[in-house]
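There are 8 protein chains.
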Amino acid sequence: MNRNQIEDLLIRVRDGKLDIDAAIKHLTDLPFKDLGFAKIDNHREIRTGYPEVIFGQGKTPFQIREIVEFLLSRGNNILATRVTPEMFDEVRKISSTAVFHEAARCITIRMREPVYPDTSIAVVTAGTSDLPVAEEAVVTAEILDNKVTKIVDVGVAGIHRLFDKIDEIRKARVVIVIAGMEGALPSVVGGLVDKPVIAVPTSVGYGANFGGITALLGMLTSCASGISVVNIDNGFGAAYLASIINKL
Amino acid sequence: MNRNQIEDLLIRVRDGKLDIDAAIKHLTDLPFKDLGFAKIDNHREIRTGYPEVIFGQGKTPFQIREIVEFLLSRGNNILATRVTPEMFDEVRKISSTAVFHEAARCITIRMREPVYPDTSIAVVTAGTSDLPVAEEAVVTAEILDNKVTKIVDVGVAGIHRLFDKIDEIRKARVVIVIAGMEGALPSVVGGLVDKPVIAVPTSVGYGANFGGITALLGMLTSCASGISVVNIDNGFGAAYLASIINKL
Amino acid sequence: MNRNQIEDLLIRVRDGKLDIDAAIKHLTDLPFKDLGFAKIDNHREIRTGYPEVIFGQGKTPFQIREIVEFLLSRGNNILATRVTPEMFDEVRKISSTAVFHEAARCITIRMREPVYPDTSIAVVTAGTSDLPVAEEAVVTAEILDNKVTKIVDVGVAGIHRLFDKIDEIRKARVVIVIAGMEGALPSVVGGLVDKPVIAVPTSVGYGANFGGITALLGMLTSCASGISVVNIDNGFGAAYLASIINKL
Amino acid sequence: MNRNQIEDLLIRVRDGKLDIDAAIKHLTDLPFKDLGFAKIDNHREIRTGYPEVIFGQGKTPFQIREIVEFLLSRGNNILATRVTPEMFDEVRKISSTAVFHEAARCITIRMREPVYPDTSIAVVTAGTSDLPVAEEAVVTAEILDNKVTKIVDVGVAGIHRLFDKIDEIRKARVVIVIAGMEGALPSVVGGLVDKPVIAVPTSVGYGANFGGITALLGMLTSCASGISVVNIDNGFGAAYLASIINKL
Amino acid sequence: MNRNQIEDLLIRVRDGKLDIDAAIKHLTDLPFKDLGFAKIDNHREIRTGYPEVIFGQGKTPFQIREIVEFLLSRGNNILATRVTPEMFDEVRKISSTAVFHEAARCITIRMREPVYPDTSIAVVTAGTSDLPVAEEAVVTAEILDNKVTKIVDVGVAGIHRLFDKIDEIRKARVVIVIAGMEGALPSVVGGLVDKPVIAVPTSVGYGANFGGITALLGMLTSCASGISVVNIDNGFGAAYLASIINKL
Amino acid sequence: MNRNQIEDLLIRVRDGKLDIDAAIKHLTDLPFKDLGFAKIDNHREIRTGYPEVIFGQGKTPFQIREIVEFLLSRGNNILATRVTPEMFDEVRKISSTAVFHEAARCITIRMREPVYPDTSIAVVTAGTSDLPVAEEAVVTAEILDNKVTKIVDVGVAGIHRLFDKIDEIRKARVVIVIAGMEGALPSVVGGLVDKPVIAVPTSVGYGANFGGITALLGMLTSCASGISVVNIDNGFGAAYLASIINKL
Amino acid sequence: MNRNQIEDLLIRVRDGKLDIDAAIKHLTDLPFKDLGFAKIDNHREIRTGYPEVIFGQGKTPFQIREIVEFLLSRGNNILATRVTPEMFDEVRKISSTAVFHEAARCITIRMREPVYPDTSIAVVTAGTSDLPVAEEAVVTAEILDNKVTKIVDVGVAGIHRLFDKIDEIRKARVVIVIAGMEGALPSVVGGLVDKPVIAVPTSVGYGANFGGITALLGMLTSCASGISVVNIDNGFGAAYLASIINKL
Amino acid sequence: MNRNQIEDLLIRVRDGKLDIDAAIKHLTDLPFKDLGFAKIDNHREIRTGYPEVIFGQGKTPFQIREIVEFLLSRGNNILATRVTPEMFDEVRKISSTAVFHEAARCITIRMREPVYPDTSIAVVTAGTSDLPVAEEAVVTAEILDNKVTKIVDVGVAGIHRLFDKIDEIRKARVVIVIAGMEGALPSVVGGLVDKPVIAVPTSVGYGANFGGITALLGMLTSCASGISVVNIDNGFGAAYLASIINKL
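Respectively, the protein sequence lines represent chains A, B, C, D, E, F, G and H. Under the numbering used here, the residue at position 18 of the first sequence is numbered 24, and the numbers go up by one with no gaps. Under the numbering used here, the residue at position 52 of the second sequence is numbered 58, and the numbers go up by one with no gaps. Under the numbering used here, the residue at position 133 of the third sequence is numbered 139, and the numbers go up by one with no gaps. Under the numbering used here, the residue at position 36 of the fourth sequence is numbered 42, and the numbers go up by one with no gaps. Under the numbering used here, the residue at position 194 of the fifth sequence is numbered 200, and the numbers go up by one with no gaps. Under the numbering used here, the residue at position 85 of the sixth sequence is numbered 91, and the numbers go up by one with no gaps. Under the numbering used here, the residue at position 7 of the seventh sequence is numbered 13, and the numbers go up by one with no gaps. Under the numbering used here, the residue at position 159 of the eighth sequence is numbered 165, and the numbers go up by one with no gaps.
Bound-form chain A, shown alone:
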């Protein structure tokens, strides 16, 4: 509640247009729905421009369904990430239009027609094995009403593959670059484009890759500028941020 809203409310109290109890209720009203095991954030869309997204890991299928059910009742598009097939089975009981994106491990339910901005998001991967993370990014970007260009397997060990696609990448308004192993691709892309680059390290690799840590550290210490980094395998987070930037 901002200053203007407080002033309006106080004027209405002074002028007798709003009684004390109603005013208290407004000043203290819950901007979230309490489901017992979770508090759904109703004001989130107003506050951050996006509805609540469900992080599936560590929740029970029943909890997922309950949260989806409540969000659907408010007319929201649904995005649940890091979900299991069991969770999808539960969700399907209450929504016949729910879609399970297997590689991306996401559930989406579209409730509103998308209104796309003119610009697009590029999702670029270094290798074929990075595809599941790319899928999570694509699913997220699309349910958030963005157009997406996907460019796969252009890692630095065969760098001419990247150069062939660089004009396509440059057309996007924001670029997500996904890479495992040494995570060098964002550095090269960052030196070639004039758009924000969001780097996503993946856990693809073995040995000294340490489940993605090496790629993560490499991206953080990139010699190129204009790059920022999200958590390992966090395709969702990259796309969520890209969507914010794409709609600025």
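Read the hints as simulated data drawn from the structure, not as lab findings. Cβ atoms here follow ideal geometry from the backbone N, Cα and C, with glycine treated the same way. Treat the hints with care, as some may be off.
As the list claims (entries may be wrong) - Listed below are the simulated BS3-like cross-link pairs for lysine-lysine, each with C-alpha atoms no more than 30 angstroms apart in a straight line:
| # | chain 1 | residue 1 | chain 2 | residue 2 |
| --- | --- | --- | --- | --- |
| 1 | C | K153 | D | K177 |
| 2 | F | K156 | F | K171 |
| 3 | F | K177 | H | K153 |
As the list claims (entries may be wrong) - Take a look, some chain D residues computed to stay more than 12 angstroms from chain E by CB distance:
| # | residue |
| --- | --- |
| 4 | E13 |
| 5 | R20 |
| 6 | D40 |
| 7 | L41 |
| 8 | Y56 |
| 9 | G64 |
| 10 | L78 |
| 11 | I100 |
| 12 | H107 |
| 13 | E148 |
Given chain A, put chains B, C, D, E, F, G and H in place with the hints provided.
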């Protein structure tokens, strides 16, 4: 050299306005200047929208001066980061308008009048000790022709200080949040704004802070969305990216 | 055995009221029961105010049952943590009133009526996925005869949910705050209450969370004061300590 | 501002006893003082029971003096931790009663007569080299109006030294145990007392001690219950928490 | 082959008592048996006082059997560590007297009557969960012809249990102390005995125990003297070394 | 496409042997084949001397088959590493001569008769448990047309086994040394040969071995010269590099 | 105080030969001297066979002198490790026979004529740079009345240097092996001798040596048996343990 | 000493051409010179093709001089790495032709005229700050009689600089690639050349670079083949290995 420039060049060849030797020279000319110890990237501004920035660490004062001299000869604004007073002494020999930002450890020389976009960048710090990193971000954002709002010491342990400033933060187009210790501030800010948040961990703290690693990891695993992270103490990198976003 | 007890004993020896063998036995008597694979600490309750708690991990179901049987024979309440269903099956053979707390992975058997202090313990979680650790804390606090208030899913990314509950949290005498991912919640709570805050990092998260290390380090380097930390996922340890403080 | 205060304020607005501007001011008034480089938290004492403490590391001597000056103007006791002699020189310019605790690296200024609770805090160290951290704890506990018992050099390698002092330790209401190297002392103390134990790892040691990490991890994984841990060398944090517990 | 043996051989060559081919054979003879996938070290017992021990991990059951078969053919006692039941099934095919120690994950076959030294080895554990590692140590020490005293569950959180057993521990010639969690027991034992203490960290614990690293580091940085450390869970290595010391 | 090829092409255009359209096609033709999920690098053999190798991990069996099928169509030898039996089942559908190397987890298909250089590669392992990594190296070296000498189980704890084989090792042109645990073998070999030594750490071991990190670090800090290191368990990478050196 | 001593004391109380106060004093008498900042362990020699050793790091020169003075008053040999020249200056004020071992950073004062056992300790180093740690070991072993053989610079990269000295090493009763970098020497020595090997990692090296961690981990995971490890650079600890073993 | 040499020697003994004492001397002769603090490896050049190189770190200037003096007496070229100016001052006392390479921190003395192979070594750096490591590599390669091509500042953030130099790089027989920060350059080079690539991580960078660890790990997990890695900042080791390969 982009496609249009190649087309122009070929047309001029066809029309006899450019002879073959000159055309070959243009087509093969080095897009960088070789100083022996460094290769200055002349095409960088065309390619990424920004001129070369000088990373001072590990270079000698003499090398810094040589690079500055060359860049000045091309009319560029100068930004050198991670510099020492000795480096500034060298630079001052060739530029009387060079400015040394002591806390930020930066040198700037402005060669062109700034043209500001309408929107601004917010630079927010958790504590007073994070100020040097904030200064590096502010200096960078300003030399790149951005308006900056600085908000200091609004860390989560006294969270009402943040709430007092949140409307001001929300007015920016992109928000840089700088925090050491546990690095929790970006998570809270990320839940309150609908703009991209660039998180900068600082090495402020001791013990289990591990020189900023704890803040870095905390920001990467933030429970809020819309956040990405740059290297520890990398105020420059955050501001460079923020500038790209601010001018999209 | 303290100084006064030694003096009493010596006087009784001098006065012939206690013979040498009995005195030796007293001075050397075992304050524990040796089961071969374990030594049950009989004097623990006298020494630390609490009976022995069974740490299930790494023990066999048979060993668990043997220890429970001995403790029951002395009239103790039973708490076994980190247990498996197989362990519970063994325990049920000797106690029909044993309760298996599945989410908390605990077994409890209540042998004495609880005598509650007036004050209570608040158990606060950042997310729904932190619930199993919260359950371990709640089960522990209750079997140790404390009243508990549980507040779930008030993480910092939607911080108004916390503010709605802050008065309820302030009513407790000691506050347990449980959080995974970046573990920022204790810092915010610590800045808002005047009670001891025990922070419990959880292994909820992925990638740079490193199984709870990031939350752990974040809590240790918290910018708020009045916070201390226990091991990752250690709901039991937090509640045990909270119980000591609640009964001071 | 809590519910009752809001109700009172609204009633006064309705009844014409408070005009709109004053009401807005109350509802939005800053509970902190902005010094430009820092925001002093005026409501902190009301909110958490303790005035602001100054964390010296990373601040300039001038900044320290400015903050001290403001806090003195409000009649607060002063505690500044992690300070340098240069900082003290600045502070002494504005306060002749300022005390510099060299080993503890603290500045204190006492403005109010202490009112001690009956109970006390025990500060126990494993070795002589842990003394500076113990001093920080003692200085903190005393400026926060607590009686302190200090017991030095009772580490586990000569455990009879601990047993000689155990009765003295048991008399305290809360026990701070400070240890470097392997950090085993809190485990032993925790098994011998029925009071909360706050463990402080120190950076004393070399090699595989890793600047205190080993002691920190050892304390977190202690086999004893009733123990919680603060950051490496954080004598202040331990004493602050102990003071809260001592005054419950 | 030492200097004296070389001299003898040369004299016999000079004196015509040994022909050149035989001399070459002696000087180059293989002191191991090559099984293709492994080279059995025949001279090991001469060189180090002990026959080859089989490290089962990473070998196939067939390989284990082949190695056992060869060693049996030379009349050696057999000890195979880190074995699986499948390996034992293979070994039983060629030896009816093979024994499978399930908790210790060892196979032993005794081929020679033991000749015990007068002195003994004490194997001490902090908790019940450390028993499997203790069993590996006991099995190893016994097949190497040592008498063993086993003392279980005397961890530092109930330190009177240790004091009750300390005289028994002091009777041994060398003491193996096995502990997980914070690994504090060797420090306490090291301060109480005048014998070599071999510390074995175990992977018992969770969270900040990091699979035994915390116990390992704690033991390495022990404040007590006279302690050395072997690898995590390495009951075999501790007993092997203890046996060498016991027979000095 | 290299300079000579461009010159040839231009001469053919000049001489009328190649029409303009075909020349444009050649000059702009993609040097890779896009399969949608992967881009096969056709020019790789020209550029680096070796055809594309398939890294199986993280790919689906279907993807593996598609890539194999395309590479076969161009007459290449096939090497796929880190494959599963399921992947081999797919590949066998399109190639009856495909071979599955179980221990090495590789698939090979030979399409061209090998032409061996005179010199050979030595593959040396410290223990029997390192054999799977050695097999990956042997399979790789052989499909790349090299002769290989394999020497097994000559680790440093029985160093005479190594000395017996050292002349055989010295005959190779390049030496691959594979070791787990402390990874000391390359240091000893490096001090005994005058050939390049490629060290491969393996994940064989437990506890403080940390899945091969200890061997990796040991090899990197070797006190011997002439050694370089590849990733943990990377038998393929070592053999690939050895093959390049063997054919220089 | 053991059982027999208690029995004697009780009999004397019963028989009136010892009055109550004296008996209490005996039962509670301090077995240490409290210097305020340190508690000197008087019973240590009785309990562990060795007098107190002074660990200099983190103590003040004044504290060192006070402790030395007290220990001298009891006729003990003095060993202080990790000392500075300033500490020695203080000690020389009270003892003209104090010796400062510069490379070893030790002070020794000999008060009793040494009685050497027949057997000796071998101190072996991999390189010249490991000498300071070796000196600490030698000084410690000698003040504890052991004969020492020192063998320097026999690292594994030139392994024939070791073989030349191996007979000399084998003559010792216990072998200390000191190595930095990859720390491979103990593995080789352990495979060649039938005596206990105490491995000391040193911080000699750079980069991936990580201040001795790599050598430490390598020694812990050694493929040879009969090896145990002490802390990085802990020449004192190795020699103290070696002395215990040498005198068994 | 190999088999043939042994046979020759034995025949000469049998035939009375060599007496027993001389034969023993030959069979046991020291292939190194013992300077007390170091053992100079005389046979090293025969065994590995290269004379002893002096690793300066951790040695005293006097020790350096002694070793240099001995090596000079045998007519060797001298290379000392990681030296200080103080060490050079000592060396200059005995050799007027000694050269101090300041950036490289090396001393060289050339005693023999170089005989260069036809092929050369390329030394490539990502940035200007990597120059000191490159200098160490160049100095090493040249004293070992190799021709060197140095290419500086071609890091991946401005990748056209690399492409401009790639033909020059391809002309070398072996390529050393030196990079700090994320260490991506070797991956790109490895995909463009058909020669062995030796990657050298440098400690250039800050924050998440961790003193070169990030670059090291990135190189180890490179997605390109044909790459191996040496220790952080180890320009010497890379050049030594490159020299071996260059002369195969």
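Taking the hints in turn, this is what the structure says about them:
1. C:K153 / D:K177: Holds - the C-alpha atoms of K177 (chain D) and K153 (chain C) are around 27 angstroms apart, at most 30 angstroms.
2. F:K156 / F:K171: Given pair K156 (chain F), K171 (chain F) holds - Cα atoms ~11 angstroms apart, limit 30 angstroms.
3. F:K177 / H:K153: holds (27 angstroms)
4. E13: The claim stands: E13 (chain D) keeps its Cβ more than 12 angstroms from every Cβ of chain E (closest is about 45 angstroms).
5. R20: For R20 (chain D), whose nearest Cβ neighbour in chain E is about 55 angstroms away, the distance exceeds 12 angstroms, so it holds.
6. D40: holds (39 angstroms)
7. L41: Answer for L41 (chain D): holds, closest chain E Cβ roughly 39 angstroms.
8. Y56: holds (29 angstroms)
9. G64: holds (27 angstroms)
10. L78: holds (41 angstroms)
11. I100: The claim stands: I100 (chain D) keeps its Cβ more than 12 angstroms from every Cβ of chain E (closest is about 44 angstroms).
12. H107: At about 26 angstroms from chain E, H107 (chain D) clears the 12 angstroms cut-off, so the statement holds.
13. E148: The assertion about E148 (chain D) holds, with a minimum of 28 angstroms to chain E.
Checked against the numbered hints given earlier, the structure satisfies every one of them.
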